[in-house]
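Visitor: Protein chains in written order, with the working numbering: chain R, 1 to 259; chain W, 1001 to 1263; chain L, 2001 to 2324.
Hints may contain errors.
[As the list claims (entries may be wrong)] Simulated pairs of lysine-lysine, DSS-like, Cα-Cα distance not exceeding 27 Å:
| # | chain 1 | residue 1 | chain 2 | residue 2 |
| --- | --- | --- | --- | --- |
| 1 | L | K2095 | R | K9 |
| 2 | L | K2089 | R | K9 |
| 3 | L | K2153 | R | K9 |
Treat the hints as calculated values from the structure; they're not laboratory data. No experiment lies behind these values; they were computed from the predicted model shown.
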Amino acid sequence: MRIARILLKLSQLSIERSFQNPLAASFFIMGKLLRFGLFFYFVSTLVTHTKLLAGYTVDQTVLFFLTFTIVDTLSQLLFRAVYSFRPLLVSGEFDHILTKPFHPFVVVLFGAIDILDAIVLVLYMGITGFIMTQTTGIAALHLGLYAAFIVNSLLIAMAFHIAILAMGIITIEVDHTAMIYRDMSRLGSFPIEIYKEPLRSIVTFIIPIGIMMSVPAQALLGMVPAQALIVYGAISVFFVGLSLGFWRYALQYYQSWGS
Amino acid sequence: MNIYLQTVRTTIAEMLVYRLSFFLWRLRSVLNLFVIYFVWNAVYQETNLVLGYTHAQMMTYVLLSNILATLALSSYTSNVAGDIVRGTVAQFLVRPIGYFKFLAARETADKLLNVSAVVVELLLLAYWFRPPVEIQTAPGVYVLFTALVLSGVGISFFLSLSISFIAFWSSEVWAPRFVFFVLIMFLAGSYFPLDILPNWAYRGLLATPFPYLFYAPTKTYLLGVNAQTLGFLGMSVLWNAVLYYMARSIWRKGMREFSFYGS
Amino acid sequence: MAVSITIQHLTKTYRTLRKTGNAWRDLLARTYEYHTAVNDLSVTIQEGELIGLVGPNGAGKTTLMKMLSGILLPTSGTITALGYTPFEKNISFLKQIAFVMGQRNQLIWDLPARDSFELNRVMYDIPRSDYQTRLVELTQLLDCGDIIDQPLKTVSLGQRMRLELVGSLLHAPRMLFLDEPTLGLDVVAQGTIREFLRMYQRRQQPTIIFTSHYMRDVAELADRLLLIDKGTVRYDGTVGKLRKHFSHDMKEVRLELGRKLTEKDKVSLHEYQYHYTHPLIIIRVKAQDIPALLTRITQKVDYRDITVTDPSIEDIMRSAFQEI
């Protein structure tokens, strides 16, 4: 389809641009790997010394952390364009995007699919796969559910990013909102059982980070029935709908300041 | 002196104009605090001694370290890179104040505002969750602690400036800054006390400037005044001097070679 | 001729937050300021017209164009363009329009223009053969075929504008919006763009609406002039009629003098409006009074050269803006 071709083209151009500055790109990858490595070390040391974290063993806790990393990386890979949205608003380039014959999301949401993230993603998936073989109690069904729930998580992530874009149109403030989203999602790098009420309920139902980050890992460990997928799926579709409504409202409000 | 005082006042006023931005930045700090509090809380559910720290000690360490991290990271120095790339740094050079001193004044303003906010946030957290903490009573500890904190702030200031000055040679400063940020968060000891690392790693880190940002002052607060913590102060001050000279020479070199075009 | 755009009672009011500087008031008891950029405007535009929008800064021209292209939502009123409501942004509508802004690039900055053109080809679903033909034709007309393989940031502003035009026309839009297309360009570059637009319009017959502060653009390009001020149309007609309307049939007589004017000479000219910097004197006079003036001049004044012209379009505009 045409949209697929446009995305492919944009992706290709984005990669070309990355290669124009290989030093910065390598620093960036190095930084990500460093952060992952250090945090991984931290988490495993922690849990090794305490044997249990909110009822989960070391391996299980690590799986939570890894799942978080995979969802987070996938979400960054797909929605990186959101981080470049503010300059588009300020310069007035967003006007141009609005006059192009496709939905603006093609550029401002999906327009910067990043090869650098794909590289580290493969690494994370490899490590996760390895840990999975070390952990007992994982059946094939669970793997299927795991994948399905990850897709579900990406839907929620998409809803969040659309909301960030809409906020950006109304307030021009994009970067901080995006960072808050990232910080909040980091709440999900540990099993949400560690959080006390009312934070836990907020994180699960009002701002569905809990669903996004924790549920896939829980499903993998066989703790979530397959039927739950329908419920959680409905919740994410609902949030996507909500965010789209917010986006439509924002467009009507748009005043186009870029002189 | 008046110019710098005025700068402080103006910077605070500027920041209050960007209220939404400030609010969101504080929200992020609070969220970060939550994660740390809850994670460590969960860890200590089963046992009371982890890696040589009691619940109270670890909680004190982590919360205090978080305040210091806020202090160090609220900073204008990242804007310096932008100023250089855009060429607007030139306007600062024609004004009758030292650029370094000007930056320091802005830093002070930024940190003042953020520290006030963080104190409020911590009080709220304490009221809400009542985490166990260890409060020191000996006044000597507070003196040493303050000295180390100030010294740590200096280190982070000069380090951050040096990174920003990369802008003189390349416009892609964001990448090294990202790595810097990651390193700071871990190696400076804001997630966990550095001495839980294997001995070789711990010793190695002590030779770098990083531990003196957050680990040294916080650990001093827990341990009190002794030979080890006084040693921390010594190293910290030394690093301050080294990094000051480094930042200054990079600046001088940059000034000589730079071409000042904006885009 | 088919109607291309119908605008009826169009209004756009901007709402901005009034900042009192008092933190509490700004947060809790918000007050807004309202600015009406376009006010009950109604215009009909036929297919194939070349329309110039002029008016003082802040008159509402750019707001109008942004509503016509679907970027902004009108506060009230209707717009029908090519049979669509622009704000709904139908794909079929968007495929037929192009929006070019002066001094701003849609082409990708650090890559060669050709890559951006390729992207446009995919975006607008242009068949390859059409794409090739149009690319060659446009780059020839605009004389930029040799620079499309260089990174965009390495070419000059004038060249970038030409490339920008190529990129915007590859999909042969039926409606073209140009916001200050010659802004910041040197005189030669401005002329090139104007010539190109004239030629392109003759060949392809799209509807073109452009704004410009350069009066030459308006004078030489626009078939029809819309003078906008404070959000409404103050004048709608040809450039020629504008002259008549606002110049009140004034003409300019330019003389290159031999010797300096004496006080006595100046006295004899006192009933005329004139501007004198030796050796040039420009006298503004009603067309019907020219014979009388010429008689007086030829008898009394020592002149080397004489021309009779219309007042410049800038002068006319100036008096137009002042009168409205």
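Visitor: Next, verify each hint and record whether it holds.
Guide: Each hint tested on the structure:
no.: 1; hint: L:K2095 <-> R:K9; result: 18 Å, holds
no.: 2; hint: L:K2089 <-> R:K9; result: 22 Å, holds
no.: 3; hint: L:K2153 <-> R:K9; result: 20 Å, holds
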